[in-house]
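Enquirer: Chain order of the listed sequences is A and B. For the first sequence, this note's numbering begins at 126 and goes up steadily by one. For the second sequence, this note's numbering begins at 1219 and goes up steadily by one.
Please keep in mind that the hints were generated in silico from the structure rather than gathered at the bench. One should not assume that every hint holds.
Unchecked claim - Derived DMTMM-like pairs (lysine to aspartate or glutamate); straight-line CA-CA distance at most 25 Å:
1. Lys-202/A / Glu-1433/B
2. Lys-1691/B / Glu-1770/B
3. Lys-1420/B / Glu-239/A
4. Lys-288/A / Glu-1433/B
5. Lys-1972/B / Glu-1530/B
6. Lys-273/A / Asp-1910/B
7. Lys-202/A / Glu-270/A
8. Lys-1566/B / Glu-1534/B
9. Lys-273/A / Asp-1922/B
10. Lys-1518/B / Glu-270/A
11. Lys-273/A / Glu-1280/B
12. Lys-1518/B / Glu-1280/B
13. Lys-291/A / Asp-1922/B
14. Lys-291/A / Asp-1804/B
15. Lys-1480/B / Asp-163/A
16. Lys-1520/B / Asp-1481/B
17. Lys-291/A / Asp-1968/B
18. Lys-1424/B / Asp-163/A
19. Lys-1480/B / Glu-166/A
20. Lys-1414/B / Glu-1280/B
21. Lys-1520/B / Asp-165/A
22. Lys-273/A / Asp-1929/B
23. Lys-1659/B / Glu-239/A
24. Lys-1349/B / Asp-1804/B
25. Lys-1520/B / Glu-1534/B
26. Lys-288/A / Glu-1924/B
27. Lys-212/A / Glu-1517/B
28. Lys-1424/B / Asp-1910/B
Said to hold, decoys possible - Here are some chain A residues pointing at chain B (derived, C-beta under 8 Å):
29. Ser-161
30. Met-168
31. Trp-237
32. Asp-268
33. Glu-270
34. Tyr-283
The beta-carbon is built from N, C-alpha and C at its ideal position, and this holds for glycine as well.
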Amino acid sequence: MQATPIHPAKPPVAPTAAKADDDKTVPLRINGRAYSFDGDETMPLLWYLRDVLRLTGTKFGCGIGACGACTVLVDGKAQRACLTPMKALAKREVTTIEGLAGSELHPLQQAWVEIDVPQCGYCQAGQIIAAADLLKRTPNPNDDEIGKISNLCRCGTYPRIRKAIKRAAEITRERAAREGSKS
Amino acid sequence: MSKDRTIANPSRRRFLVVGAAASGALIVGWRTVQAQQALPYLGARFEPVSLGVFVRIEKDGEVIIGARGCEIGQGVKTSLPMLIAEELDIDWTRVRVEQLPYGYIDTDKGPSDKYGDQGAGGSTSIPTAWKDLRQAGAAARWLLLVAASAKLDIPAGQLRTESGSVIAPDGTRTLYGDLVDAASKLDPPTEPRTLKKPEEFKVVGKPAPTVDAREIVTGQTQYGIDAYLAETLIAVVARSPWIDGEITSLDDAEARRVPGVKDIVRITGPKPGDAIDGALADGVAVLATSTWAALKGREKLKIEWKPGAFAEESTESLRRQADELLKPANADKAVAVRRDGDVDKARKAARKTIEARYGVPFLAHATMEPPAALIHVEKDKVLLIASLQDPNGASEVINAVTGIARSKIEIRMPRAGGGFGRRLKNDYIAEAALIARQADKPVKLLWTREDDIRHDFYRPFCVFQMAASLDRKNEVSAWSAHCAATPRNHRDRGMKERPLWNGTLAPDDFPAGLVPNFDLSLLPLESGQPRGWWRAPVSNATAFAVQSFIDEIAVALKQDPLALRLKLLGEPRELPYHGHGGPVFDTGRMAAVLNAAAERIGWKRKPERDRGLGIAGHFTFGGYAAHAFEVSAIDGNVVVHRAVCAIDVGHVVNPLGLEAQMIGGTIDGLSTALNLGITLKDGKVQQSNFGDYPLLRMAQAPIDVEVVIIDSGKEPSGAGEMGLPSALPALTNAIYAATRVRIRELPIGDQLRKIL
């Protein structure tokens, strides 16, 4: 593990330097950049993101996978970072809230702003990541399907989360139509 | 102004400073941008927060407004700057908001707050700001007007302002940005300025989205827990599982061998029985280079504890204590909160007396962001970055621990991941300071969820014995509420100066003043558990007892529960209300929210099979709320099909934010009523994390909460707490309507599943 924190803008290891043949290092990609982890392999991804990379958008809430504040995408699927040891991430692609947007906000992020979902906002990164996973599998989720998101919100923003997920599905369609009309 | 030359673009970098001192006097002056520079150790992603001002007008017209309050999700980072923007007369879309740090200042008269009250508690931010921050905006506008008057040679009285410009009688517009230089040379107004009339409002009353929503949804917002300084050591603490427990032996050899663990230090809590105004408990702190190493190190500690005096305490023993105290033979132990008339005499003369007993448990706050604090204690100064509700208290606590002058304690208070009253206690700040004093590096203290659930300042445990006497005309002739509770006023500094019932009961709560013979009393329970302020203190427990009992009376009288409430409230009038939320309780405003909630839910219709409607209303800290729910509970599984919340908080500053607070308060109330309770066994808290303290999840929450806002045009109250109290009894009343099962003990848990 790096002794000194490194800002994500300067990855500790250049993409080409990530090696898979060294037993003690875990090569992985986070938000499109290559990293090589050589610390305690039992350390959960959450603390690597936060303490080492300072990607603090992924939050600590419970440490037992119950609240979802630390939800990230691993190879596109929602996963609790607090229960994901670094050793399970070799050659995996991790996406955190900081890496979700492309050239414009992700439809969920745009919808979250439009509907004004956040109160304290602490759980919202995890909620958005969980919703991204849902929308990928179910582009037009109904209320029951949305209700399967198990992330906790202590402020009680659930009704606006529901509205925002439905709005994000619309934005996705609007963008697809826009792209379609360009080509 | 010479300092300006040191800055790259001085012409753009002077700005107007308007501040309100704690005395209410206005401070207006000039500052350079130097104080605004982001401190390098915070990293490039951290917004510069050391603004030190309320209003800054760049020469290009951009307006930056400082947000003074602790943002804990209640929306003050948006709503307080709106009040300034309104009186300054600027276009809200052109405003950029920046969070202010804590503004301690030394004055001739002692400590003072540079920015006024910055704390978040009791839903007071808006009512306070309604007075002083609007004046801050008006003073800035006045300076710009005077500057324009001189520049244009037109009397100020003939000028007006609009959207960031001063407008002359002939329609000529002068931008604020072009007046900044001249305005800077003027003395601030000595008299309060005349404020806008509500019908002139352009910003206040219009929906305004959260100012930093975009940063939140992209993961850029840094909460207290997200702050790091170079070489920060992470600290976690093993605390005594018992209140007033002491360490009898510590073996930390194995913990010290964990790679990354740098040091292990001890901290001390209060002496047994003393005020808890520093750390909550004795403990052992593990300092490490990463959170993971600190947590592993803590697991390896071998500590033996000597429990304190309450090692035998359990929820069962508390219940037995309450049962005993509530026996008529112990009536002499009751501490009077309010007594009118003669309850005993009325009871003897009554046609019938109805009695019921209600219980509510200890509650933990469980803020999504657990307590955490980054602190750097140096020889003669301190920097604290933490999510707070009481920065003034944090400053005091650090001063008490370190001895460093408060003027040398810099406090930054980024957005907090929830508050709910937890952060009104600064025990975690004291802990961080106690640890950092023993370290030569910055320390970030982190509480795990288990730490948080087990070491909180809990909402008091209460058992209410209610009795209502009905005379021959079926009027309520006597009302008594004897509350056996672990008083919130417990081991507080200054406890003896306040009545014992402070924070547990409120003398003038409904139906005080509406029933001729009235008795509200506290029977104090002995308990070692720390108690604190939990969202809508007092109301979060009393509303359940009172509003459930009203329903039971209505059932006994075969009356409509809404009609009975309205009958008790009577003609619209103001009753005296002593204590927070007063000076009056307006029965008409209460009736109006009840009627609005009833109308929206369709109170008079017969709900479909297996469903029931329930209603309740409560007055909290100056705000009037009513809830109406439509629920079913087939096989004991509660489903809230519709949820309505009607609210009157007076003038509405931000309707979008108010709606959010009511949705959130309603769901918090449902979560609490359905699932949440802290229990004790062998002197220890039995719950530990979200598995056994299960906050409501989306699937259990209503699809929507329909919020009906009544703008009564009265002086505004806050909005953070009003949305909760009546949600709990409205739910249990609706469950009764659907099932004929009366819930008298919270949480509901599996009570219904056992019966239905």
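Enquirer: Now, for every hint given, state plainly whether the structure supports it.
Expert: Each hint tested on the structure:
A distance of roughly 24 Å separates the Cα atoms of Lys-202/A and Glu-1433/B; the hinted pair therefore holds under the 25 Å criterion. For the hint linking Lys-1691/B to Glu-1770/B, the alpha-carbon distance of about 18 Å falls within 25 Å, and the restraint holds. The straight-line distance between the Cα atoms of Lys-1420/B and Glu-239/A is roughly 21 Å, inside the 25 Å bound, and the hint therefore holds. For the proposed pair Lys-288/A and Glu-1433/B, the alpha carbon gap of about 20 Å is at most 25 Å, so the pair holds.
Between the alpha carbons of Lys-1972/B and Glu-1530/B the distance comes to roughly 30 Å, so the proposed pair goes past 25 Å and is violated. Restraint check for Lys-273/A and Asp-1910/B: the C-alpha separation of about 20 Å stays at or below 25 Å, so the hint holds. Taken as a hint, the Lys-202/A and Glu-270/A pair is honoured in the structure, with Cα atoms around 16 Å apart against an allowance of 25 Å. A hinted pair counts as satisfied when its Cα atoms are at most 25 Å apart, and Lys-1566/B with Glu-1534/B does not qualify at roughly 34 Å.
For the hint pairing Lys-273/A with Asp-1922/B, the CA-to-CA distance comes to about 16 Å; that is within 25 Å, so the pair holds. At most 25 Å may separate the alpha-carbon atoms for a hinted pair to count; Lys-1518/B and Glu-270/A exceed this at roughly 43 Å. Of the supplied pair hints, the one linking Lys-273/A and Glu-1280/B is violated, its CA atoms being roughly 44 Å apart against a limit of 25 Å. As the CA atoms of Lys-1518/B and Glu-1280/B are separated by approximately 55 Å, the hinted pair breaks the 25 Å bound.
A hinted pair counts as satisfied when its Cα atoms are at most 25 Å apart, and Lys-291/A with Asp-1922/B qualifies at roughly 13 Å. Between Lys-291/A and Asp-1804/B the alpha-carbon distance is near 41 Å, which puts this suggested pair outside the 25 Å criterion. Distance check on the hinted pair: Lys-1480/B and Asp-163/A sit about 20 Å apart at the alpha-carbon level, within 25 Å; holds. A distance of roughly 15 Å separates the Cα atoms of Lys-1520/B and Asp-1481/B; the hinted pair therefore holds under the 25 Å criterion.
With a C-alpha separation of about 33 Å, the suggested pairing of Lys-291/A with Asp-1968/B is violated against the 25 Å cut-off. About 53 Å separates the Cα atoms of Lys-1424/B and Asp-163/A, which puts this hinted pair outside 25 Å; it is violated. Between the alpha carbons of Lys-1480/B and Glu-166/A the distance comes to roughly 20 Å, so the proposed pair stays at or under 25 Å and holds. Note on Lys-1414/B and Glu-1280/B: the hinted pairing holds, with a Cα-Cα distance of about 22 Å set against a maximum of 25 Å.
A hinted pair counts as satisfied when its Cα atoms are at most 25 Å apart, and Lys-1520/B with Asp-165/A qualifies at roughly 23 Å. For the hint linking Lys-273/A to Asp-1929/B, the alpha-carbon distance of about 37 Å lies beyond 25 Å, and the restraint is violated. About 42 Å separates the Cα atoms of Lys-1659/B and Glu-239/A, which puts this hinted pair outside 25 Å; it is violated. A threshold of 25 Å between alpha carbons decides the hint, and for Lys-1349/B with Asp-1804/B the separation of about 22 Å falls inside it, so the pair holds.
Between the alpha carbons of Lys-1520/B and Glu-1534/B the distance comes to roughly 31 Å, so the proposed pair goes past 25 Å and is violated. Taking the CA atoms of Lys-288/A and Glu-1924/B, the gap is about 13 Å. The hint holds against a cut of 25 Å. Only pairs whose Cα atoms come within 25 Å are accepted, and Lys-212/A paired with Glu-1517/B is accepted, the gap being roughly 21 Å. For the hint linking Lys-1424/B to Asp-1910/B, the alpha-carbon distance of about 41 Å lies beyond 25 Å, and the restraint is violated.
Interface hint at Ser-161/A: violated, since its Cβ lies 17 Å from the closest Cβ of chain B, which is beyond the 8 Å cut-off. Residue-level restraint check for Met-168/A holds (minimum Cβ-Cβ distance to chain B is 4 Å; threshold 8 Å). Look at Trp-237/A: its Cβ gets to within about 4 Å of chain B, closer than 8 Å, so that hint holds up. Checking Asp-268/A against chain B: minimum C-beta separation of about 6 Å stays under 8 Å; hint holds.
The beta carbon of Glu-270/A is not positioned within 8 Å of any beta carbon in chain B (closest approach about 11 Å), and the interface hint is therefore violated. Here the hint on Tyr-283/A is kept, as its CB sits about 4 Å from the closest CB of chain B, short of 8 Å.
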